[in-house]
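Please put together the full structure from these sequences, using the hints given.
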Amino acid sequence: MTEIDIQNLTKTYRVGEVEVNALRGVNLKIERGEFVAIVGPSGSGKSTLFHILGGLTPPTSGAVLIDGIDLVKMSEADRTRLRKTTVGFVFQKYNLLPTLTGAGNIEIARHIAGHNGKEPDPQFEEILKLLGISGRLNHKPRALSGGEQQRIAIARALVNHPSLLLADEPTGNLDSENSTAVLSLLQGLNKRLGQTILMITHNPEAAAFADRTVTMRDGRIVN
Amino acid sequence: MRTLLSVIAIGVEVTLILTLAGLSRGVLDDMATRSRGTGADILIRPPDSSGFTFSLTMKQGIVGKVRTMPHVAMATGAYVKQIDSFNSITGINLDEFNAMSGGLKFLKGRPFQGPDDLVVDEVFARQHHLQPGSPIEFAHSWKVSGIVEQGKLSRTFADIGVLQELFSAHDEVSVIYVKLDDPANTNAVIASLEKELPTYKVISMDEFVSLFSTNSVPYIEAFTHVVTGVAVLIGFLVVCLSMYTAVLERTREIGILKALGASPGYIIGILMRETIMLALTGAALGILMTYGTRSLMAIFAPSMPQEIVTDWYPTAVGIALGGSIVGALYPGLRAARQDAIEALAYD
Numbered sequence: 001m002t003e004i005d006i007q008n009l010t011k012t013y014r015v016g017e018v019e020v021n022a023l024r025g026v027n028l029k030i031e032r033g034e035f036v037a038i039v040g041p042s043g044s045g046k047s048t049l050f051h052i053l054g055g056l057t058p059p060t061s062g063a064v065l066i067d068g069i070d071l072v073k074m075s076e077a078d079r080t081r082l083r084k085t086t087v088g089f090v091f092q093k094y095n096l097l098p099t100l101t102g103a104g105n106i107e108i109a110r111h112i113a114g115h116n117g118k119e120p121d122p123q124f125e126e127i128l129k130l131l132g133i134s135g136r137l138n139h140k141p142r143a144l145s146g147g148e149q150q151r152i153a154i155a156r157a158l159v160n161h162p163s164l165l166l167a168d169e170p171t172g173n174l175d176s177e178n179s180t181a182v183l184s185l186l187q188g189l190n191k192r193l194g195q196t197i198l199m200i201t202h203n204p205e206a207a208a209f210a211d212r213t214v215t216m217r218d219g220r221i222v223n
Numbered sequence: 224m225r226t227l228l229s230v231i232a233i234g235v236e237v238t239l240i241l242t243l244a245g246l247s248r249g250v251l252d253d254m255a256t257r258s259r260g261t262g263a264d265i266l267i268r269p270p271d272s273s274g275f276t277f278s279l280t281m282k283q284g285i286v287g288k289v290r291t292m293p294h295v296a297m298a299t300g301a302y303v304k305q306i307d308s309f310n311s312i313t314g315i316n317l318d319e320f321n322a323m324s325g326g327l328k329f330l331k332g333r334p335f336q337g338p339d340d341l342v343v344d345e346v347f348a349r350q351h352h353l354q355p356g357s358p359i360e361f362a363h364s365w366k367v368s369g370i371v372e373q374g375k376l377s378r379t380f381a382d383i384g385v386l387q388e389l390f391s392a393h394d395e396v397s398v399i400y401v402k403l404d405d406p407a408n409t410n411a412v413i414a415s416l417e418k419e420l421p422t423y424k425v426i427s428m429d430e431f432v433s434l435f436s437t438n439s440v441p442y443i444e445a446f447t448h449v450v451t452g453v454a455v456l457i458g459f460l461v462v463c464l465s466m467y468t469a470v471l472e473r474t475r476e477i478g479i480l481k482a483l484g485a486s487p488g489y490i491i492g493i494l495m496r497e498t499i500m501l502a503l504t505g506a507a508l509g510i511l512m513t514y515g516t517r518s519l520m521a522i523f524a525p526s527m528p529q530e531i532v533t534d535w536y537p538t539a540v541g542i543a544l545g546g547s548i549v550g551a552l553y554p555g556l557r558a559a560r561q562d563a564i565e566a567l568a569y570d
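Top line first, the protein sequences correspond to chains A and B. Once you know that position 118 of the first sequence is 118 in the working numbering, the rest is easy, because the numbers rise by one and skip nothing. In the working numbering, each residue's number is its place in the second sequence (first place is 1) plus 223.
It should be emphasised that the hints constitute simulated quantities derived from the structure, not laboratory data. Treat the hints with caution; some may be incorrect.
[As the list claims (entries may be wrong)] Which chain A residues face chain B? A few, computed with CB under 10 Å, are given here:
{"hint": "1", "residue": "GLY54"}
{"hint": "2", "residue": "LEU56"}
{"hint": "3", "residue": "MET74"}
{"hint": "4", "residue": "SER75"}
{"hint": "5", "residue": "GLY88"}
{"hint": "6", "residue": "PHE91"}
{"hint": "7", "residue": "PRO98"}
{"hint": "8", "residue": "ALA109"}
{"hint": "9", "residue": "ILE112"}
{"hint": "10", "residue": "ALA113"}
{"hint": "11", "residue": "ASN116"}
{"hint": "12", "residue": "ASP121"}
{"hint": "13", "residue": "ALA157"}
{"hint": "14", "residue": "ASN160"}
Just so it is clear, CB atoms sit at the ideal spot from N, CA and C, and this is done for glycine as well.
Encoded structure:
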């Protein structure tokens with residue numbers, strides 16, 4: 001079953017007086033439960049595609065259907081709701097809130113989504129077990145290693161059970177050992193729990209953990 | 224550091240308001256207490272007198288006329304010489320004043336005897352570091368003959384004859400204090416006095432004392448409003464600047480919250496909760512600092528007693544909260560409108 005259906009997607013934005021065509025007609029289908037890596041050089045449009053799928057910026061034209069809902073027709077408020085319930089983000093720089101503990105970072109994502117945090121959630125408990133961070137949740141980000149921070153960021157991204165996990169260079173700031181660990185975790189989440197994952201990476205070794213690799217160049221999918 | 228400075232600034236704002244209100248009330252209550260300390264039931268003031276100043280005078284002979292009226296137990300005139308905006312000397316007939324008020328209680332020294340003798344109360348003596356025998360220039364070269372307990376009519380006393388002679392006010396008095404055989408006769412005696420002295424201002428002590436309220440003194444009320452306005456402006460600017468800085472400092476965090484699906488209302492809510500915490504902590508500090516300003520006033524300006532005005536706490540806290548919330552609105556809206564992608568890229 002198709003989870004994401006992107007048709008003729010374009011995105012044009014202005015930098016000063018210059019129009020930049022970041023996406024020039026992207027077509028892509030991602031099935032539910034797939035782990036897809038998007039690779040390509042800088043400026044190929046990977047990040048723009050990531051931002052559109054995550055509801056952080058609206059597309060210019062085309063259609064982007066996630067679970068049958070078209071992002072092109074969404075208002076700002078609709079996109080905010082999409083980020084709350086349908087997609088989860090994992091960033092290269094982890095982007096944990098520095099004043100909160102690991103648990104606090106996960107809790108605030110749950111709070112934003114409107115959950116009080118008291119309800120039992122066996123599936124999320126399993127995710128925490130898989131991530132192996134139970135003993136580190138009461139530490140603030142500055143007391144955690146990069147690998148631990150990224151694992152907490154993954155937990156935060158999954159706490160509201162999003163349909164799609166978007167990961168932007170999730171190993172870009174990690175050493176090879178931690179990179180392998182994080183990529184193995186993403187693979188495990190995909191295989192064991194059926195989590196749909198779209199990962200942007202420069203690294204072919206990282207892309208090899210995915211089921212399928214899509215290559216972008218000059219705002220188009222070339223392979 | 225930013226938070227601490229904001230809390231202190233809001234504290235200063237609250238202290239400014241409470242100190243001003245406390246000083247206004249303290250000074251007026253002190254004046255009322257000293258007026259009651261005369262023991263009089265009725266005051267007679269010259270025609271065209273207003274408020275509670277004693278700049279006009281009338282003939283001293285009226286005192287004798289008043290003494291002959293029914294129910295009048297005692298009457299004595301006082302001549303008040305205003306020295307500057309804050310200080311005056313009250314000339315009294317000491318025997319008559321003592322009989323009416325129960326007597327000035329001397330803590331040190333003796334009553335005035337010579338033409339340069341001045342009696343001061345304990346507050347005035349403390350403020351000017353005076354002891355019996357100390358010289359003091361007060362529109363004349365005086366020598367302190369005695370120090371009395373505060374609370375009766377004035378802070379500085381001289382013999383009425385000496386003061387009239389010194390300032391060429393022969394046989395003139397500023398006010399006549401009247402004590403009745405029974406205070407229940409006050410209204411009846413006022414009516415008789417008004418008939419006898421038609422153009423003079425005849426007023427009961429209760430009514431006179433009721434004038435000592437901030438509502439009755441237009442310039443105090445206006446001054447309070449001006450200082451309160453300045454305090455609100457300070458609070459508004461400080462919180463606005465503080466929250467603006469906070470939003471800039473937290474640009475990336477705001478981007479993270481937006482990526483997690485936080486709505487503009489959620490982000491404004493976070494800033495508002497922080498603002499309210501700042502304002503309440505600052506207000507609590509401000510209330511505490513008011514006790515400090517009271518102690519400082521007691522040391523450096525004991526003639527201006529400051530009261531702790533607990534009934535003003537809700538107003539002062541409300542003003543601090545209101546100014547802070549308004550101050551946080553622009554930074555809050557800026558944060559809410561921040562572009563999530565730009566915010567996430569912010570270092």
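ALA113(A) as chain B interface residue, shortest Cβ-Cβ below 10 Å: It holds, given that the least Cβ distance between ALA113(A) and chain B is near 6 Å, below 10 Å.
Can SER75(A) be said to touch chain B, with a Cβ gap under 10 Å? 12 Å, violated
ASN116(A) as an interface hint toward chain B, with CB separation required under 10 Å: 15 Å, violated
When the least beta-carbon distance from ILE112(A) to chain B is tested against 10 Å, hint result: Since chain B brings a Cβ to about 5 Å from ILE112(A), closer than 10 Å, the hint holds.
Interface hint status, ASN160(A) versus chain B (Cβ within 10 Å): Check passed: Cβ of ASN160(A) comes within 8 Å of chain B, closer than 10 Å.
Per the CB criterion, is ALA109(A) less than 10 Å away from chain B? ALA109(A) check passes; min Cβ-Cβ to chain B is 5 Å, inside 10 Å.
Classify the hint on LEU56(A) as holds or violated, based on whether any CB of chain B lies nearer than 10 Å to its CB. Status holds, d = 5 Å.
Does MET74(A) pass the interface hint, meaning its C-beta sits closer than 10 Å to a C-beta of chain B? 13 Å, violated
Supplied contact hint for PRO98(A), tested at 10 Å Cβ to chain B: With a closest approach of 8 Å, the PRO98(A) hint holds.
So, as I understand it, the hint says GLY54(A) touches chain B; can you test that by seeing if any CB pair is closer than 10 Å? 7 Å, holds
For the hint on GLY88(A), does the least C-beta distance to chain B fall short of 10 Å? Status holds, d = 9 Å.
Interface hint for PHE91(A), Cβ within 10 Å of any Cβ on chain B: This interface hint holds because 7 Å falls under the 10 Å limit.
Hints 3, 4, 11, 12 from the list above are not met by this structure, while the remaining hints are.
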